[in-house]
Structures are given as C-alpha cells and as structure tokens.
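Number of protein chains: 10
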Amino acid sequence: MLFHVKMIVQLPPDMDPAKAAQLKADEKQLAQRLQREGKWRHLWRIAGQYANYSVFDLASVEELHDTLMQLPLFPYMQISIDGLCRHPSSIHTDDR
Amino acid sequence: MLFHVKMIVQLPPDMDPAKAAQLKADEKQLAQRLQREGKWRHLWRIAGQYANYSVFDLASVEELHDTLMQLPLFPYMQISIDGLCRHPSSIHTDDR
Amino acid sequence: MLFHVKMIVQLPPDMDPAKAAQLKADEKQLAQRLQREGKWRHLWRIAGQYANYSVFDLASVEELHDTLMQLPLFPYMQISIDGLCRHPSSIHTDDR
Amino acid sequence: MLFHVKMIVQLPPDMDPAKAAQLKADEKQLAQRLQREGKWRHLWRIAGQYANYSVFDLASVEELHDTLMQLPLFPYMQISIDGLCRHPSSIHTDDR
Amino acid sequence: MLFHVKMIVQLPPDMDPAKAAQLKADEKQLAQRLQREGKWRHLWRIAGQYANYSVFDLASVEELHDTLMQLPLFPYMQISIDGLCRHPSSIHTDDR
Amino acid sequence: MLFHVKMIVQLPPDMDPAKAAQLKADEKQLAQRLQREGKWRHLWRIAGQYANYSVFDLASVEELHDTLMQLPLFPYMQISIDGLCRHPSSIHTDDR
Amino acid sequence: MLFHVKMIVQLPPDMDPAKAAQLKADEKQLAQRLQREGKWRHLWRIAGQYANYSVFDLASVEELHDTLMQLPLFPYMQISIDGLCRHPSSIHTDDR
Amino acid sequence: MLFHVKMIVQLPPDMDPAKAAQLKADEKQLAQRLQREGKWRHLWRIAGQYANYSVFDLASVEELHDTLMQLPLFPYMQISIDGLCRHPSSIHTDDR
Amino acid sequence: MLFHVKMIVQLPPDMDPAKAAQLKADEKQLAQRLQREGKWRHLWRIAGQYANYSVFDLASVEELHDTLMQLPLFPYMQISIDGLCRHPSSIHTDDR
Amino acid sequence: MLFHVKMIVQLPPDMDPAKAAQLKADEKQLAQRLQREGKWRHLWRIAGQYANYSVFDLASVEELHDTLMQLPLFPYMQISIDGLCRHPSSIHTDDR
Chain S
1 MLFHVKMIVQ LPPDMDPAKA AQLKADEKQL AQRLQREGKW RHLWRIAGQY
51 ANYSVFDLAS VEELHDTLMQ LPLFPYMQIS IDGLCRHPSS IHTDDR
Chain E
1 MLFHVKMIVQ LPPDMDPAKA AQLKADEKQL AQRLQREGKW RHLWRIAGQY
51 ANYSVFDLAS VEELHDTLMQ LPLFPYMQIS IDGLCRHPSS IHTDDR
Chain G
1 MLFHVKMIVQ LPPDMDPAKA AQLKADEKQL AQRLQREGKW RHLWRIAGQY
51 ANYSVFDLAS VEELHDTLMQ LPLFPYMQIS IDGLCRHPSS IHTDDR
Chain R
1 MLFHVKMIVQ LPPDMDPAKA AQLKADEKQL AQRLQREGKW RHLWRIAGQY
51 ANYSVFDLAS VEELHDTLMQ LPLFPYMQIS IDGLCRHPSS IHTDDR
Chain Y
1 MLFHVKMIVQ LPPDMDPAKA AQLKADEKQL AQRLQREGKW RHLWRIAGQY
51 ANYSVFDLAS VEELHDTLMQ LPLFPYMQIS IDGLCRHPSS IHTDDR
Chain L
1 MLFHVKMIVQ LPPDMDPAKA AQLKADEKQL AQRLQREGKW RHLWRIAGQY
51 ANYSVFDLAS VEELHDTLMQ LPLFPYMQIS IDGLCRHPSS IHTDDR
Chain A
1 MLFHVKMIVQ LPPDMDPAKA AQLKADEKQL AQRLQREGKW RHLWRIAGQY
51 ANYSVFDLAS VEELHDTLMQ LPLFPYMQIS IDGLCRHPSS IHTDDR
Chain C
1 MLFHVKMIVQ LPPDMDPAKA AQLKADEKQL AQRLQREGKW RHLWRIAGQY
51 ANYSVFDLAS VEELHDTLMQ LPLFPYMQIS IDGLCRHPSS IHTDDR
Chain P
1 MLFHVKMIVQ LPPDMDPAKA AQLKADEKQL AQRLQREGKW RHLWRIAGQY
51 ANYSVFDLAS VEELHDTLMQ LPLFPYMQIS IDGLCRHPSS IHTDDR
Chain D
1 MLFHVKMIVQ LPPDMDPAKA AQLKADEKQL AQRLQREGKW RHLWRIAGQY
51 ANYSVFDLAS VEELHDTLMQ LPLFPYMQIS IDGLCRHPSS IHTDDR
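Chains as they are written, first to last, in UniProt numbering: chain S, 1 to 96; chain E, 1 to 96; chain G, 1 to 96; chain R, 1 to 96; chain Y, 1 to 96; chain L, 1 to 96; chain A, 1 to 96; chain C, 1 to 96; chain P, 1 to 96; chain D, 1 to 96.
Bear in mind the hints are in silico, worked out from the structure with no lab data behind them.
From a predicted model like this one, the values you see are computed outputs, not experimental measurements.
Please note that a few of the clues may not be correct.
Unchecked claim - Only pairs whose alpha carbons sit at most 25 angstroms apart, straight line, appear in this in silico BS3-like list of lysine-lysine: (1) E:19 with S:6; (2) R:19 with G:6; (3) G:19 with E:6; (4) Y:6 with R:6; (5) D:39 with C:19.
Said to hold, decoys possible - Far from chain D by the CB rule (all over 10 angstroms, computed), these chain P residues: (6) 14; (7) 18; (8) 23; (9) 46; (10) 47; (11) 59; (12) 69; (13) 76; (14) 78; (15) 79.
Note that the Cβ used here is the ideal one computed from N, Cα and C, for glycine as well.
Isolated chain S (complex conformation):
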C-alpha cells in the first residue's frame, strides 16, 4: 500500500549543533535501512526547502504510523499524508 508523505523539518536555529548532527545522522541511518527494506520507496529533497516528498510502501496505516513515529526528527517535523492508488492512465500495472 502506497502513501505519499510530505515532511517539513523545522529545527530551532539555536539547537546545539552536536545534537542536530546526531539527530540527522540517526535519521539518515534509519531512512537508509527502510529504503533497503523496500518500505521507503522514494525520497526526494524539495528544492530550496528543508523538506522532502516521500513515498512509502507498507502493509497498513498502522505500519505507516509506527514508521513515522520512530523517525528521530519526528518531533521537529510537520507531516501531511495522502493515500496513493494506481492511476487509471498509468502504463504500469504496479506504479511504485
């Protein structure tokens, strides 16, 4: 099941740089593990923003929630979610 997620990251400008660096490193590590597992299908940086568009491929709404909640940057994110379906004009039988 595909979910389209927009994540806007808002770290306070006065956050301790070491803490910020650690959060980002942890986030990256988890993001890469989830990509390797095929759960985080796409991950694009939005140009000029500290934000990304992502597509997740997960078994349920519950798994989506659990996945997002464990992101180290979650407390600093503004998140919006849309479910995705195959589009009737798509030429792929499985547009992941």
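On the provided structure of chain S, position chains E, G, R, Y, L, A, C, P and D as indicated by the hints.
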C-alpha cells in the same frame, strides 16, 4: 530534471458528459505517450480525490511548462509545482 | 484498516429537486449497504452542517478510493481523509 | 449527546522528559477512566500525527467543557469541536 | 444549553426578487416564533454584513441541528457553531 | 452601542503560576465591575477553549478601545470585534 | 465616531453593461452626497484593484450599518470594518 | 504619492519594560516629526488592537521603504502596504 | 519607480473562443507597446500557470493604477502588487 | 533556466547584534559574487519588508537548491520558488 506536480481536476458538474469523456480520453492518450517517452515518470491517483501526484523528468522549466499547457484538462486543473533533488539520505544515485 | 473521512456536500441551490432527491436516495441506499457489510463503521451528521464524519473499515487504500468514487454525491463533495490507528490510551484492543 | 473532538498535542521539544512522561501518564489514566464510564466513546490516533479524533457522549455542553479542561495535556492542545447527530442514512437507531 | 451561531447569508445576486422576498418573510416568521418560545435567545445583525450572531437555548445538539435545518435560508447560509458555558467571571448565575 | 468581541487567551505554558493567578484575579475583578456597571452585557466561555464571546454596551468606539486596553490579560489576548445592530427579525425593541 | 472600511467590488464579468453603468452612477451619486455631508470622510482607490479604503464619520454602529446597506453596489461587495480611535502619537487633537 | 499602511505591533510579553518604554517613546517622537513634515498624513489606532492604519504622503516607493525601516518598532511589526489613488467618486481634487 | 506585479488570469472555461482570442490579442498588443516604452520592464510566464510575474517602471502609483486598469484582461485577473527598491546587496546602481 | 524566488528573512529580535551583522555581511558577499557570475540575475528589496524578490539564472533545479542552501541567512528564511519561462507577449527573445 525532476519536478513534483500536484494536479487537482475540477470539472463543472453540469459539463456535457460526452465532452467530459472526450477530454479524459485525450488526456489519457497524451499521459500514456509521455510515460512511454520517460517524461512522465510517476503518476498516482490521490485516494478519495479527483487529483494526482506526478513526477516529471524533463530537460528544463520551459519543457515542463509546455508539457502541462498541452494537457487537455489543463483549463480545469489547479496545479502546484516543486523542483526535486536527490536527497542526501537516498540510497540511489539517481532516484527517479 | 480504519479511515476517518469528513464529507461536506455542496449541492448547487438551483439543482433540479427531482435530481437532488434521486441522488440522495441512491446515496442512502449505498451507504446502508456498506454499513450492513461492516465497511462504513460510523456515520454521523455534523450538527448544523450538510456534512458528515464517517469511519470506514476497509482492506486497503485502494478499496477506500473505490468506495468513495462510487458514491452518487461524490461530484458534489469536498472530502478529507485521515488514517486511524489504535490509540495507546484506548481501553479497547480493537477500537472500531 | 455526542461531540466529535479533534485534539492536536504540541509539547515544546525542550520540555523536561520527566514532566512530559508524567503529563502523559496522568492523561492516560484519566482518559481510561472516562472510557470506562462510557463518556469517552471513541479514541483514535491520527496516523502520522501527535493527535487524535475522539467522540464523547456527555449530558451537556457544560460537561464537555469541564471534561476537556481537566485533561492534563489541555494547555498543550489545539482543540476543535463539532456536535454530532444521528445521520438519516444510518442503519443504527443509536450510532455511538 | 446555549449555542453561539454565526450565520452568513449569501443569496445569489441574480435570484428572483419575489423568491428572495418570500424566503426572507418565511425566515422572519420562523425566527420570531422561535424567539417567542425562548429558543432563539439573541439575534443581532453584524454591522455592514448580511450576517448575524445568534444565541440559541435548546435541549440538545439534535434540537440545534433540527432547528437550523428548517430555516428557509439554510441552503444559502454559511454556519459556524460554538457551545457556550457560564463564564467563571460572570456575575449572573444564569447568563442567558 | 453594542459590540461583539471574541477573546482568545494564550498564556505561555511556562508562565509563573503566581503571576498567572494574579492576572486572572485582576481580570475577574475588573470584568465583574464592568458587568455591574452594565458595560459588559454578556460574557460566555466558549466550550473547550480558553476563550470567550462577549457583548459590550458602550458609548463609543473610543470607550470600547479604552475598556479592552485596560484588561490585565490584554497582552495575551487575540481579539476580534464586530459592531452589532438590532436585527429586523428581532422581537425585542432593544435586544441587549 | 470613525470607522475604517475596506470595500472590494466584484461585479460578475457577464453583467449587462447598462446595468453595471447604472449601478456605478447611483453609487457615485450617493457617495458624493455622503461626502458633502461629512459622513464619508475619506475615499481612496486601492492601486490596481477594484476596491477602496474609506473612512466614515458617523454617530453610531447603527448608522454605519444603514449607510453601507443602502449602497447600490453593496450586494457585490466584500466588506471589512474596523473602528478607529485617536492615536496617542497623533499630533492632531481630532485626526479626521 | 499616497500609501496606505497597516502596522501590527507584537512586542514579546516578557520584554524588559524599560526597553519597551524607550522604544515607544522613540517611535512617538519620530512619528510626530514625520507628521509635522506632512509625510505621515494620517495615524489612527485600530480599536481593540495594538495596531494602526496610516496614510503616508511621500515622493517615492524608496522613501516609503526608508521611512518604515527607521521606525524603532519596525523589528516588531507586521506591515502591509497598498498604494492609494484619487477615487473617481471623490469630491476632492486632492484627497489627502 | 519599480513595482512587482503578479497577475493570475482566470478566464471562464465556457467563454466564447473568439472573444477570448480577441482579448488575448488586445492584451498582447498593449503589453508590447508598454514594453517598447520601457514601462513594462520584465514579463515572465510562471511555469505551469496561466499567470505572470511583471516588473513595471513608472512615474507614480497613479500611473501604475491607470496602466493596470486599461489591460483588456483586467476583469479576469487577480492582481497583487509590491513596491520594489534597490537592494543594499545589489551590485547594480540601478537594478532594473 | 530562470527561477523566481521570494525570500522573507526572520531574524529573532533578540539575536546577538554581532552575529546578525556577521551573517548579513557573509550573505552580502556571497550574493554579490553570485551576481557577478551572472547566476543571481535580479535582486530587489520589497518595500517595507525585510524580504526580497530575486531571479536566478542557473543550469538546473539541483544548482538552485545548492545555491539557496549555502546562503548564510537560509536558516532564517521563508522561501517560495516558481519556475519562469519566456512570455509569449514578451518583446525580448531572452528576457533575463
């Protein structure tokens, strides 16, 4: 170059059904040609909406504009665009 | 899988009353069938609005989309969707 | 009388973790007591958000206000409320 | 139980004047009956707007919904509702 | 002259409790004096919000401004104001 | 008493030109009479908009409402109102 | 050339009172000098708000910018600007 | 004096094609004359929108207003305006 | 390829003045280098705002992102981006 496009379609409820069907058929034909050419990379229906999220892979901003302007449903669409970049946490060298 | 759906219905004030009545009757019939099948779990009128809050219990995002698209009043609805999860403070193991 | 309540929780990221944990434990205890009493009918987590949709079944607007004001997390919540009525298309005589 | 209701009326500028006059006359008759019954406690015109602030005193959310739905101008209204409680700083035991 | 005022109070969660209590006590004392003088006609708590709807009966816009500016909680309030008139459908010659 | 009023005029593009011209001529005649009477103190066109900022000097909220309601273009206007007071930094005792 | 400016002042509630008083005194002194020079034509307090509507009469956009930037309260202001023109319905040849 | 103008064009989808074509031709002719006169400095299409960003170089706010009002597409445009100044970091003494 | 960028700068009012001055000096130096290289085509201050409109001329979306991310004031900016195309009514073959 990748662009993330959200298209919300708003056909007037009293549009002539034949005209609506023709517009949709033309739209589908063009969308499929652009997909086969590799320009319209992804096309997902947003669940519960007459809307889609798309990712285009084009040579320039100009080509993006020309592509969108020729869509038969363009006059009935509300469009928002974001440029996309490779994300530093992506495991792909080319996340299309 | 549970989805929380808000539907705001906006029929044009000058719609033919017979057509409006037919649409509403068809909508009611389908809504009741989906309730009997256990797919449309909750259906509440929002006080003072021509709108409802609903909870659907479906197998996938795809089924949610297909269900909403077949509603006779869909072309006149403004829809917003949120996925739902069991809440950690709930006393029910299955809060439907 | 049914009320639909959306609660968005916004704890400051730099809140003392012990204080946050205590607030959440107190909130959970009260939420579970109110559920056992039948006053907090439904409690769902909104996927990907630190937020919930709830349905309360209370005797009056006054009781709704008093209930919400005593929630330990109330000072950190953004709350929106809608009254709910039985929907004419519901198959239940009492859709709680 | 008190409810604060804001009603913004939006008649199409090209509505038949006789129909508009009839709707307003019917609305006035019902509004005055509900005032005499003590259910429509306050009714103020908002200066410079075709809109009003009202306070209703009713037995339930259900009665509020039924009352608003039968207003002849309801299909042309944009309505927002808030429940009201006695304020702790009020000098009245019953601030109606 | 009547004015409808909505006041939303936003005390910082980390305000010194003694200071907050003093501000609220001062606010209450002034609010009650203005009610006894007939200037603060109505004062209702909005259910589930730290906010109120009020109706003031004052001699001028100037007096409204001076009254609101002296409220101890003014620096923490978000205020919106509408002038009120007798409604043509009111059954009262003086709907205060 | 001074009121600051913003009026945005939205005539339907397909309105009969003769009717539009008549409405504007009537509006102009009334606006000029109110200016001569000293009630419509200032009237400025907002650059690049079919809109104006106005300052009215009237005896009451009621007179403001009655004045705006009789404007021939009122049904096509979106109006917002703020009361005005002498500013403590003004060098005029009566800043009209 | 006339410009309509709305200034909303947002001093942090915990600002040092001496600093706030100094800022306001400096602002007042400059505002009065600009009024005496005929550059700050009108200055009204918006009732119930820490905000003003102003009309400036200046030689250019550049002078407007320079004037606003030197206001001591500028860092705490939210500013919106509209150019003003003589209104065709005005009875003054020069409506300042 | 420079002004930044955003123009969003919204022609009704059912406008007579001949009328639309005439409006656009007239608009183009005037736009090109104003460009040749040096008054319409820049004119860019916004990618994917029926909209443009423009920079005008005019003698006054009045001339800006008169220029915009005579555009054939004005009745179908949503316009927003900002005054422009030389930026302190610009390397040009006259950044037109 | 041209991009229209709006940058709104929001430095916290209590930022250390030396740090703010350093940030601005670094920003200015980089901005001027990019202008000399022809990449930052236009840079205008928006009148009355701590904000600018800019036009960038870059080889790709990726270069736009990299350019904006290295701006010293980036963490304090709110940025919005639109792609630009030659306008069909432009008299320039290359409207930079």
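To see whether the hints hold, each was checked on the structure:
1. E:19 with S:6: violated (35 angstroms)
2. R:19 with G:6: violated (35 angstroms)
3. G:19 with E:6: Status violated; Cα separation ~33 angstroms.
4. Y:6 with R:6: OK: residue 6 of chain Y and residue 6 of chain R at ~21 angstroms, within 25 angstroms.
5. D:39 with C:19: violated (43 angstroms)
6. 14: holds (23 angstroms)
7. 18: Answer for residue 18 of chain P: holds, closest chain D Cβ roughly 19 angstroms.
8. 23: Per Cβ check, residue 23 of chain P is outside 10 angstroms of chain D; nearest 12 angstroms; holds.
9. 46: violated (5 angstroms)
10. 47: violated (3 angstroms)
11. 59: holds (16 angstroms)
12. 69: holds (18 angstroms)
13. 76: holds (15 angstroms)
14. 78: Correct as stated: the minimum Cβ-Cβ distance to chain D is 15 angstroms, above 10 angstroms.
15. 79: holds (16 angstroms)
In this structure, the hints that do not hold are numbers 1, 2, 3, 5, 9 and 10, in rising order.
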